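Engineer: Chain by chain, the residues run as shown.
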Amino acid sequence: MSIKAGDQEAARGNSQLQVVVAGGAAIAKKSKREWQEFGLACLYMSPAILFLVAFTYIPFLRSVWLSLFVTTPQGATARFNGISYYSRIFNLDGSGRSEYLKSILTSLYFALLVVPLGIVFALGLAQLATLKVRAIGFFRTVFTSSIAISVASASVIWALIYSPTTRTTQWIIDLLHLNAASLLQHSGTALLAVAFVTTWTALGFNFIVTLAGIQAIPQELYESARLDGASGWKAFRYLTLPLLTPTLLFLIVINTIQSFQAFTQFNVLIGNEGPDGSTNVFVYSIFTAFWKDNRYGFASAMSVVLFLILLLLTFVQYRVLDRRVHYQ
Amino acid sequence: MSTSNAPTLHELDAPQPGVGAVLRNGLLYVVLGFVALLVVLPLLFALSLALQGPTLSPSLLPDFGKLDWSSFGQVFREEPNLSRWIVNSFVVSVVVTLGQLVTSALAAYALALMKFRGKIVFFFFFLGTLMIPWESTIIPNYLTITRLGWKDSYQGLIVPFLAGGFGIFLLRQYFLTLPYDLYEAAVLDGCGHGRFLWSILLPLSRPALGTLAVYTFLNSWNQYYWPLLVVDSPEWRTTQIGITAFRSSEITVYNLQMAATIIVMLPTLILLVLGQRQLVRGLTAGALKG
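Top line first, the protein sequences correspond to chains A and B.
Residues 0 to 327 (numbering that gives the first Met the number 0) are what the first sequence spells out, left to right.
Residues 0 to 289 (numbering that gives the first Met the number 0) are what the second sequence spells out, left to right.
No lab work stands behind these hints, which were simulated from the structure alone.
Given the structure is predicted, the values throughout are model-derived calculations rather than measurements.
Be aware that a few hints might be false.
Said to hold, decoys possible - Pairs of lysine-lysine, DSSO-like flavour, derived with a Cα cap of 30 Å:
id, chain 1, residue 1, chain 2, residue 2
1, A, Lys29, B, Lys150
2, B, Lys118, A, Lys29
3, B, Lys150, A, Lys31
4, A, Lys29, B, Lys65
5, B, Lys118, A, Lys291
6, A, Lys233, A, Lys131
7, B, Lys150, A, Lys28
8, A, Lys28, B, Lys114
9, A, Lys101, A, Lys291
Take these sequences, add in the hints, and give me the full structure.
Structural biologist: Written out as structure tokens, the structure reads:
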């Protein structure tokens with residue numbers, strides 16, 4: 000009996016041991032599996048990581064690094080320069096030359112032209128596209144069409160529209176008594192002319208987003224508003240517009256960011272800093288320093304400043320998007 | 000435009016029979032047609048110039064009696080590189096699109112469905128790339144490509160764009176919407192990660208993959224700044240650089256220039272008609288990355 004009991008005890012002890020051993024093995028197995036999973040995950044992510052490190056992170060850090068140096072025309076660092084390029088950009092170096100600040104302001108001014116124009120056109124088109132008539136789908140596609148048109152091809156076409164040879168915009172020049180052959184050559188109209196082209200290329204996108212916003216407004220609201228005697232302009236002003244505010248805020252931020260990044264249309268339509276420097280937006284003056292003057296260090300400092308500006312706008316964007324979520 | 004009268008037109012929602020309704024409908028079509036015409040006016044202008052023959056003083060409207068379509072063929076002979084530019088753009092856009100699909104799907108899979116330590120670190124690594132604008136990396140990238148001797152080559156035009164944070168998050172987001180049971184069932188059946196991703200997840204994710212593909216192709220086709228930097232010789236130009244360089248060359252005749260512009264716009268316009276839904280979804284999502 001005692002033997003039996005001892006056997007049982009031994010057996011119990013044995014099984015406990017087995018459990019412990021099995022448990023230890025399970026832990027070892029589990030951690031091995033975890034490591035396997037980790038390795039596999041790294042393997043799966045490695046192509047993306049490789050390309051993003053090589054062409055986004057390292058170049059970005061190198062931009063910051065280069066911005067602190069005077070560089071050779073081959074792009075090598077020549078002499079440590081501290082932050083003097085930055086103080087040059089913001090006119091803090093006491094030189095009194097503020098052309099880079101002016102360039103940032105030109106970008107801002109450009110955004111102030113593009114954004115309201117874009118919103119107004121998009122609102123108009125989206126209102127039209129909510130009409131319930133046959134073949135409205137066709138008109139929606141037409142209104143969206145500029146999504147598929149590149150800024151480069153749009154600029155090539157508009158360069159001819161503005162060109163004195165086609166005389167298409169001559170009537171505006173006559174109307175305003177401009178002393179220039181084309182709208183692109185007058186310091187008072189050049190930036191506006193580029194802004195108009197930009198608005199046209201962005202039209203499709205702004206339209207489709209606005210339309211989606213309007214379609215998200217419950218139809219019952221319009222019906223009850225009509226019962227209350229609000230229709231037409233009143234319904235638009237007091238119902239559509241307030242409910243569309245989140246969408247419009249979103250469009251304002253997106254369009255502002257894209258305006259600050261605009262380059263193609265300036266290079267194709269103007270190709271230099273514009274009449275009296277009136278179209279020398281910040282991205283274009285970076286291009287001049289980088290590409291035309293080969294001042295890689297200075298251009299890098301400018302591109303870091305651009306990064307900071309866009310970062311600020313992106314933060315605003317996320318704040319706006321947060322609000323957008325709360326509204327809906 | 001017509002923000003003020005549109006809501007009034009709103010009231011016509013339900014089509015009513017009668018002469019008044021027909022008249023009003025007719026009026027609506029006039030308004031819609033007129034606005035549509037305004038929107039595509041620059042395109043019609045381009046077409047009009049392309050059809051006017053080699054005149055140096057084109058008018059706004061072509062002579063409809065003798066439309067000269069020959070410019071669309073002639074431009075390929077006058078600018079022998081045009082077909083090469085189109086091939087270049089196609090090769091670059093297709094390879095970049097395929098590359099983005101592969102790198103994004105793999106990384107998105109790991110982020111969405113695999114459990115591993117330090118995932119949050121990788122998550123923020125990818126998220127961070129969305130904060131860095133392309134313009135702030137362009138100078139070192141240009142110096143790198145130059146040092147590698149990759150100017151005037153497909154590598155130079157393609158390799159920097161083979162991965163992107165946008166694609167990774169777009170696919171990750173989509174993968175997360177699919178039921179997790181699917182994965183557990185597959186694992187019970189002895190299905191490994193690779194096979195699950197390839198034969199179950201990707202076929203189910205066709206909408207998201209389509210969105211990413213159309214968006215990437217369009218962006219790649221329309222790229223201007225980067226090819227402008229890394230292309231020196233005419234035969235390595237992409238379509239966007241080609242048509243803008245065409246403009247500044249001396250042999251420019253308006254009809255040929257507009258014909259070339261219309262030709263290189265066709266692929267993306269066709270893409271819009273065929274894949275409008277994907278395109279719109281992609282652009283709307285893509286804009287969020289700022």
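Engineer: All the hints need checking, so say for each whether the structure fits it.
Structural biologist: Cross-check of the supplied hints:
1. Of the pairs offered as hints, the one joining Lys29/A and Lys150/B is violated, with about 50 Å between alpha carbons and a cut-off of 30 Å exceeded.
2. For the suggested pair Lys118/B and Lys29/A, the alpha carbons sit about 18 Å apart, so the restraint of at most 30 Å is met.
3. The hinted pair formed by Lys150/B and Lys31/A fails the criterion: a straight-line CA distance of about 46 Å is larger than 30 Å.
4. A threshold of 30 Å between alpha carbons decides the hint, and for Lys29/A with Lys65/B the separation of about 80 Å lies outside it, so the pair is violated.
5. Restraint check: the Cα-Cα separation between Lys118/B and Lys291/A comes to about 44 Å, which exceeds 30 Å; the hinted pair is violated.
6. Restraint check for Lys233/A and Lys131/A: the C-alpha separation of about 20 Å stays at or below 30 Å, so the hint holds.
7. Restraint check for Lys150/B and Lys28/A: not satisfied, since their Cα atoms lie roughly 51 Å apart, outside the 30 Å limit.
8. With a C-alpha separation of about 16 Å, the suggested pairing of Lys28/A with Lys114/B holds against the 30 Å cut-off.
9. Between Lys101/A and Lys291/A the CA atoms are separated by roughly 19 Å; this keeps the pair inside 30 Å, and the hint holds.
When the structure is compared with the earlier hints, violations turn up for hints 1, 3, 4, 5, 7 and for no others.
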